[in-house]
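Student: Those protein sequence lines, which keep their order, are chains A, B and C. So for the first sequence, the working numbering puts the first residue at 1; every next one is plus one. So for the second sequence, the working numbering puts the first residue at 1; every next one is plus one. So for the third sequence, the working numbering puts the first residue at 1; every next one is plus one.
In short, the hints are calculated from the structure, not lab data. Be aware that one or more of the hints could be misleading.
Ranges of calculated distance between the beta carbons of each label pair, as one might list FRET restraints [what the hints assert, rightly or not]:
(1) A:Glu85 / B:Ala331: 13 to 23 Å
(2) B:Gly255 / C:Leu35: 32 to 42 Å
(3) C:Leu35 / B:Pro153: 32 to 42 Å
(4) B:Arg2 / A:Glu80: 21 to 31 Å
(5) A:Leu78 / C:Lys3: 28 to 38 Å
C-beta atoms are modelled at their ideal positions from N, C-alpha and C, and glycine is treated no differently.
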Amino acid sequence: MTNDTIIRAENLSLCINRGRPNEVWPVRDVSLQIKRGEVVVLKGPSGSGKTSLLSLLGCMSRPTEGRILVHGRDVAKLPERFLTEIRRKRFGFIFQQFNLIPGISVRENVMLPLYPVDISFREMRERADSLMDRLGLSGRSHFRVKGLSGGEQQRVAIARALVNDPEVIFADEPTAHLDTKLSSDLVGILEGLKKEGRTILIATHDPLLYEQGFIDRVLEMRDGSIR
Amino acid sequence: MRKHLKILEYALSSLWRRKFKSLGIIAVFSLIIFTLSSILLLTYAFKREAMEVLRGAPELIVQRISAGRHEMIPSWYGKRIQEIPGVGMVIPRYWGYYYDPSTGGNYTVMAAAGRGDRKLEMLSGKYPPAGGEVVVGKGVAESRFLSEGSRIPIKGSDGQVRNFIVAGIFTDESSLLTNDLIIMSLMDFRDVFKTGNERATDLVVQVFNPDEVENVARKIREIFPDTRPITRKEILRTYDTLFDWRSGMVLTMFGGALLAFIILAWDKAAGLSAEERHEIGILKAIGWETSDIMELRFWEGFVTSSVSFLTGLIGGYLHIFFFGASIFAPALKGWSVIFPSFRLLPYLNPYQVVVLMFLTVIPYMAATIFPSWKAAITDPDVVMRG
Amino acid sequence: MHKHRIFIAAIITEILILMVLFLSGISRLKSAEGLLQRKTELVKSLMLTDLSVWTEARYTRHPSQADWFAPFQDYPSSIEHFPAGSLLHPPSGAYGEGVE
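Pulled out of the complex, with its shape left as it was, chain A reads as follows (with noise of 0.2 Å):
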């Protein structure tokens, strides 16, 4: 069932300021697969490496040893374009601290990743139109970013990450800014987007997060590496 397989990490370590007198390790020979439809859970104390894992993962950054293949091709060395391509049309991110872009409007904000994508202005306004329907923002297209509630802003930042209908979503420390009714809604959400057949990988060290029941698997770190 390889091709089931759409990420998968051989020996992943991350080095920042290498060779310097501080150098630190954030990721440490990391090894997983992550399956199509599954809901992964990195799970750890700050500091462990959840983040600096996941943009690994989301291509965000690049391992200093091992390999990451996306569906079975090693994207560690590819140039700089072809990582941002996959990100554009294949992973979706919701951020912790939201990275909405302020003073331009609630559904430009959602429409952000087509730009650079060639498809009409009307089909780009018909996709975020639909997600913010789903996430309940319809009234609030016109608004800016700063007028909105912090559980507003997290649904404009997840309609963001699936305005381009990607397989994987990677999600860091979501409910990090949200209260327990706003985070057992962003639970629903999460459900929901699994049922859709979405993969999703989530960082976090919520227990209200990765206790629930549609978590397929959660992976504990410690200081850089998967126990």
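Dock chains B and C against the given chain A, drawing on the hints supplied.
Tutor: This is chains B and C only, laid out in the frame that chain A set:
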């Protein structure tokens, strides 16, 4: 194509969310282009008009120089010059300056030329003036509130005040040439300035063959080493360099405006804030390529500079050719008391417009694109941390 | 939405305005040929050599007739280049006060 339009769309949204900053930059930028284009259009139109009308200037003028200063020339010089082969008529010119204490203006006083039988253009009234009469330029008439038939007192070098009757006034159309003129008869000129009967201000020398002008000038210098022949070519060259955009005031204003612009561009270049960097990181993380981000910055620079350039240029054109350079006039006027109104013909030098564009639009675009280059090629995972 | 349409329309409008201005300029130049001709005639009749623009000094009123060092004839410490000389105020004392 669609992709480029969409990035343009995003660039516009991006500019619009910082409305005040963007509009402020466009306003300042437009103002700079307005100033620069006004200067360029004004000086070029000036120059072209001077070059056009001064083609009618005498082809050779002979001045006498004494101790390095312009001196009256004795009329026997003319007789000797007339003997040079190829020389036609030698016509003495009589002119000088008159400071009018009551207005503080300097007027140019001329004796009516020998060819007074010709009917004069752009004059209301009669010409040549008879004894006791003068013909004046529009500026003189306005500064002294003169109309045809009024009197104008002129104090001679003997201290006596003579009252002249205004027999004619040059029309406004000719102001650029006649604004400060007072033309009187030769008899009156000699009487007012006590120049004597044997001396003229300078001599106009007619040369039959235009190719011979330089030769004749050289011969005149040989015969009279104390003279300075001035050819029409030299007159035109004077005006060519006078209103050249590299000279004097033009350069000063141009330089000032350009400096202001460089400061603006520099500020823009150095001003890639942490916020902007973070934004570039977000765009990269969600799948924008480095080239897309460069294109975004390109559009931002293009929108700002093209709107500013066109607005400034339109403004400058209207300012110079429809409003008579009204904003510049006080500065241009300098210390002159009488000054002609500008009704310049809209001569335009496409080369200057292109130069202006290259000196402003291109550096601005470069200043917007380059700083984002470094940010755009860094790894996007910075947005994951903090 | 569709700000780029507004932008493109604005740019095209501005370019059209410029074109209209330039074209009207060209026609104004054409119709001014007669005027220029008459001005040239006037220059011929009066044997003029210069434009009557700046009248405050010899070398600004008749730049083509002035000597190379002409500005110094008007006041000793004036700035010697033409346009600068017409824009800058002569230093105090140049007209005699305070000068022995």
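Student: Where does the structure disagree with the numbered hints, that is, which hint numbers, in rising order?
Tutor: Failing hint: just 1.
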